[in-house]
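Protein sequence lines, in the order shown, are assigned to chains A and B.
Sequence positions in the first sequence follow this note's numbering and run 1 to 169.
Sequence positions in the second sequence follow this note's numbering and run 1 to 320.
Worth flagging that the hints you see were computed from the coordinates, not collected in a lab.
The reader is advised that the hints may include incorrect statements.
To be verified - Partial list, derived from the structure: chain A residues whose beta carbon lies under 7 Å from chain B:
id, residue
1, R5
2, E8
3, Q11
4, T18
5, Y47
6, S58
7, V129
8, R149
9, L157
10, G159
To be verified - So these bits of chain A aren't anywhere near chain B, every CB distance computed over 12 Å:
id, residue
11, D37
12, Q110
13, G141
14, A150
Unchecked claim - Footprint (simulated), chain B over chain A, 3 or more residues, beta carbon under 8 Å:
id, stretch
15, 59-67
16, 121-128
Think of the CB as a built atom: it goes at the ideal place given N, C-alpha and C, for glycine as much as any other residue.
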Amino acid sequence: MASSRWLEEFQEFAHSSTPGLLRTALLLCGDWHLSEDLVQTALGKVYASWGRVRRADSPDAYARTVLTRTYISHARLRRSGERPVASIPDAGSTQQDPTLRLALLDALAQLSARDRAVVVLRYWLDRSVEQTAADLRVTPGAVRTRSMRALAKLRELLGSDRHALYAAH
Amino acid sequence: MDENSYGSHLTDTMDRALRDLPATSRDLVGGAVRVGRRTRLRRQLAAWGAACSVLTAASLGVVLTAGSGPAAHPVAAPSVQIPALALSASQTVAPKDTKPLSGKDTVRILRGLLPTGARSTVSYSQGSGPGSTVIATAAGLQVETAGGRGLVGVNFQARFGAGKAAGPAHPLTDEQLRKGLATKLHIPESQVTEAMLRKFRNESAKESPDAKKVELSSFYSCAKRGFDTTPVSCSVVNLPDGSLLMTYEERSGGMVNRTADLLRKDGNRIVALTSNTADAKHTPVTGAQPPLTLDQLRTIVTSNQWQQWVSAPAGGASGR
Chain A
1 MASSRWLEEF QEFAHSSTPG LLRTALLLCG DWHLSEDLVQ TALGKVYASW GRVRRADSPD
61 AYARTVLTRT YISHARLRRS GERPVASIPD AGSTQQDPTL RLALLDALAQ LSARDRAVVV
121 LRYWLDRSVE QTAADLRVTP GAVRTRSMRA LAKLRELLGS DRHALYAAH
Chain B
1 MDENSYGSHL TDTMDRALRD LPATSRDLVG GAVRVGRRTR LRRQLAAWGA ACSVLTAASL
61 GVVLTAGSGP AAHPVAAPSV QIPALALSAS QTVAPKDTKP LSGKDTVRIL RGLLPTGARS
121 TVSYSQGSGP GSTVIATAAG LQVETAGGRG LVGVNFQARF GAGKAAGPAH PLTDEQLRKG
181 LATKLHIPES QVTEAMLRKF RNESAKESPD AKKVELSSFY SCAKRGFDTT PVSCSVVNLP
241 DGSLLMTYEE RSGGMVNRTA DLLRKDGNRI VALTSNTADA KHTPVTGAQP PLTLDQLRTI
301 VTSNQWQQWV SAPAGGASGR
C-alpha cells in the first residue's frame, strides 16, 4: 500500500517545514502555544490531503496557505477571546534580546486578524498582492487597502527608524 | 519612508525578531498525522453516506453509461436510469409513533443482516451530522466470517439529493456542539464560549453535507465517481424496483475494499463497505479477503429494514 511511503514522505516534509511554519504562525497569532496548535492542525489538514499535495508544485506554499486559513478561521471563532501576547518562548542562551520580538508581536496584535495575515503573507512570506488575495480569498484591491492601513499602523507603533528600534540592545 | 521601503524594513524586523526562536518541544508531526487520519476517516464516512447532494431537476432521468471510463477493468454495463425520486417535504416529519433512525438502530440492523455465523464487535456508530437537515447515520463493525476479517460499515442517508429541508431534522444539543467545537479547535471544552457555540451552529449548518452539489448522473458513474484508486471492478445497474445499485472493488497493496451503494426511488441511500483492514484506510491487512463478498453487501443494502423512521417505544423516544 502506498500509505506507508506517503507517511514517510509526509513526515520528512513536515519535519523540515515545521520551524518555518511555527515562525509564520507566531507572527499571525502572537502566542507560542497557539502557534504550535495551529501548525499541528494545518499539517494535519495537509496530511489528510497528502495524496494530492505531494503532487503539487510547492507543498510548502500549500502548507503555508492552509496555515493562514486555519489561523483566520480560528481568529473568527475566537474573536472575543483573543489571547494576549504572553507565552513567547525564551530564546535561552542565545544573544537575542526578546525586546524586539515582544515589540513586534505586540504591534501585530493590535491589527485585525486579516490585516495581520496580509502583513505576514506580504512581508514575511513575500507573497505578491495577487497570491495574498488568493490565499485569503479576497480581492487584490482589498489586499492593497489592508496592507497600506496595516503598514501605517505598524510604522506608528514601531517607528520607522530601525536604529531606534534596535537601540535597546 | 514610503510604503515599499517600510515593507522592506518590516521584513527585516520580523526576520531579526524571530531569528533565535527555539525549536518546539512538542511532537507536532506525530500530532498532525493523528489529526490527518481522523480527518480522512471523517471524509470517508461522509463520502459513503452523507456527503451529498442537491439534485437538480436536470439530472433527473438522465441516462448514464456505467463502466465506460478509464478504469482498468471495469465491468461493462448497459445504460441505466437515475430513478425518478419520490421526495416530498412531508418526509422530513416523523410519522406518528416513529422516531428517526439513530446510530444505534443502524448498528442493530446491520448486525441483523450479517451472514449466519458472523461474529462482530461495534467499531463506531454515528447519528445525523451537525446541523444536518436530513437523517444520515453510520455504523461500523469489526466482523469475522469464514471469508475473512475486517471492517463492515454502512451509511444510511434519507432524502439523498433532496436539498435542504426547512430546518434541522434534529438539532444537536449544546453539549454535543461543545464537544465538536472543542475537537475542532483543539481546546478544552471549558473554553468554548456561548458566542462560539452560536457561531459553530451556524457554520455547521452551512457546511452540512446536503449543501454540496453533486450531480447524480456523475456520482453513480464508474467513470466519474472520482475514486482514490482505480477500482478493479465496477458496475452500475437498475434493480427491478427501479433503484440504482453501484458496486465496486478497490485494491491498494494488500488492502481490498468492497462497496455496494444503493439509491432507492424513495430517495434513501444505503452504502455498505467491507475491508480486510480495520478502517478501510490505514491499518494492516488482516488477511487476503474482507469478511463479506459484493453479493453479501448487496443483500445488506437492498434490505427493506433500512427506513428513515423506525418504530418508537411507547412513551416516546428522543430519536437519537
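Which numbered hints fail: 1, 2, 6, 7, 8, 9, 10, 11, 14 and 15
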